[in-house]
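Could you put together the complete structure from these sequences and hints?
Note that the protein sequences, when read in sequence, are chains A and B.
Residues in the first sequence are numbered from 1 upward in steps of one, following the numbering used here.
Residues in the second sequence are numbered from 1 upward in steps of one, following the numbering used here.
Read the hints as simulated data drawn from the structure, not as lab findings.
We put the CB at the ideal spot given by N, CA and C, even for glycine.
Wrong hints could be hidden among the right ones.
Stated by the list, open to error - Pairs of lysine-lysine, BS3-like flavour, derived with a Cα cap of 30 Å:
id	chain 1	residue 1	chain 2	residue 2
1	B	35	B	292
2	A	39	B	292
3	B	292	A	64
4	A	70	A	11
5	B	29	B	6
6	B	292	A	119
7	B	369	A	64
Said to hold, decoys possible - Ranges of calculated distance between the beta carbons of each label pair, as one might list FRET restraints:
id	chain 1	residue 1	chain 2	residue 2	range
8	B	107	A	143	40 to 46 Å
9	A	115	B	337	14 to 20 Å
10	B	345	A	139	41 to 47 Å
11	B	269	A	6	57 to 63 Å
12	B	323	A	39	26 to 32 Å
13	A	157	B	270	52 to 58 Å
14	A	115	B	390	38 to 44 Å
15	B	292	A	135	49 to 55 Å
16	B	222	A	112	53 to 59 Å
17	B	328	A	112	52 to 58 Å
18	A	15	B	27	38 to 44 Å
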Amino acid sequence: MEQSRRGFMGKVFGAVAGVGAVGTLYAMKKSWDPLPSVKAAGFTTVDVSAAEPNKMVIEKWRGKPIFVLKKTAEMVAKQSADETARDVIVNGEHFLICIGLCTHLGCIPAYREAKQDFKCACHGGEFDASGINTLPPPPSPMVIPPFNVKGNTVVLGEEGEAYRKMKDAGVLA
Amino acid sequence: MAHFTKATSVHDWLDQRLAVDTLQRVLSKEYWIPKNINFLWAMGMVLAFTFGILLVSGIFLLMYYQPNVDLAFDSVNYTIMREVDFGWLWRHVHAVAASVVFLIIYIHMLTGIYYGSYKKGREIIWISGMLLFVAFSAEAFSGYMLPWGQMSYWAGMVITNLFSLGSLEFNGLVEWIRGDYVPGQAFLDRFFMLHVLLIPLAILGLIGLHFGALRIPHVNNQDGEEFDFEEEAAKYKAGDKKSSKVIAFANDFLAKDMFVVSIYLIFFFYLVFWHFGFAMDPINFDPADGLKTPPHIYPEWYFLWSYEILRPFPKDPGLIAFGFAQVIFFLLPFLDRSPNAVPASRRGLFFFWFWAMVIDLIVLTAMGKLPPQGIYSTIGLYAAWVFIGLWVALPFITKMEKRV
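Following this line, the structure appears as structure tokens:
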């Protein structure tokens with residue numbers, strides 16, 4: 001009798017502790033999530049009308065650097081189909097717009113105007129002017145963020161038609 | 001109700017309530033240490049002392065530090081360094097101790113490996129020691145975030161990115177750890193919490209476990225000699241201290257321990273006053289800038305060897321090699337198949353294994369500091385393979401070892 005009572009009380013405690021542990025872990029997990037204010041500050045509008053060819057401009061979106069590079073006619077003419085597929089076209093001009101973080105470990109590659117490519121100082125990775133990895137360690141091209149072309153501007157964080165096409169073609173990263 | 005008598009002295013009053021005499025006997029007067037040991041056996045006390053120094057200097061830094069992305073840099077580099085009287089002292093002591101503690105940890109670890117102090121009942125000592133190493137690494141990393149300079153920010157970026165686990169692309173996990181898309185306020189606050197509360201608590205608990213794990217198997221000795229501690233202790237207690245193979249922890253051993261600590265402290269404060277620069281990376285004197293990566297990102301010297309195991313490989317194999325390097329030392333007691341718990345010099349091939357490992361770790365450390373180009377990348381790659389190869393070879397060479 002005594003034993004079964006203790007056993008029952010033990011089981012009650014086990015059940016209460018189990019429910020409590022699951023709830024506590026859930027609350028702890030959620031407490032570490034990015035705050036709503038962090039998530040909401042997620043749209044950036046970039047005006048590209050004043051961009052100069054072969055001059056890289058860095059914008060900021062969700063705390064990340066965004067590379068905006070207007071390509072020269074020459075660059076567009078000699079690039080491959082894979083490279084052209086990643087171009088964002090605004091008023092007939094070709095742009096590279098990508099998250100400026102090396103896909104290896106997230107350093108910011110530097111643009112070399114003379115060579116028209118990107119070099120990452122951290123571990124020596126290289127990317128071409130379309131953000132495609134050409135020298136390891138980066139395993140994939142720099143990521144194209146969600147964008148929507150509106151006249152002379154590009155809204156980052158919004159999925160426009162051109163973005164969805166790239167997504168379907170699988171050239172975002 | 002327990003029975004208490006009228007105390008005859010303050011000591012007696014305490015002894016009735018806290019059993020202070022029993023405590024002192026069990027913890028020090030009759031805690032037995034072998035006689036045949038050398039100065040390397042004092043590294044534990046040196047580490048305990050350094051941890052104390054880190055705690056005290058940290059408490060003083062904590063009173064002026066501001067865990068805020070806009071204020072952190074100035075609170076360290078202006079308030080603490082220029083305004084607070086002796087603020088510079090606490091900072092330099094804290095930074096130098098954080099660096100030197102790893103030097104001593106490595107000496108302590110290599111001593112354990114050389115003398116075989118991780119087997120025959122000492123496995124938990126080794127494993128708790130490795131857990132301490134991991135906790136100290138996390139403590140060093142989280143502390144490195146706090147001045148919020150360029151190296152803080154970019155080291156934080158690179159290390160948290162490791163949790164995306166390469167091609168598995170666990171970006172959600174990385175954002176969860178950061179509380180943001182990139183290291184920001186939430187990131188700084190939580191690493192501040194980890195640095196000043198959670199990890200130090202874990203370290204204190206682990207130190208307790210590490211000391212506790214030592215009680216039953218006792219400290220190893222430099223000849224790998226096995227003896228009956230109770231028998232030797234009986235000799236000592238009977239007054240035959242000369243032929244007894246053990247001495248009491250206090251005050252016999254402690255006197256020598258503290259002598260080594262004194263020598264160490266002279267070296268330590270020499271570094272603090274005249275050569276603190278090695279512990280203060282110049283790049284971290286630029287405030288954090290999320291839009292500008294420094295030309296070379298490298299960790300502090302004590303992480304270079306494992307960083308160099310990550311670096312020369314492509315992304316996924318690099319991560320696997322890095323993961324391997326992080327956990328493999330834990331398995332040492334089980335990968336070493338030899339029953340001999342004696343110094344490496346008497347273990348044949350293992351002696352060469354030990355020194356090859358030491359040299360390889362030094363090479364990896366040196367290459368990790370150099371820019372990842374040309375010949376340095378190649379040497380780094382070979383050294384990383386040698387590291388992996390040595391661990392693969394360990395069970396075989398120890399299996400072949402003759403019993404001594």
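Going back to the hint list, which numbers does this structure go against? 1, 4, 9, 15 and 17
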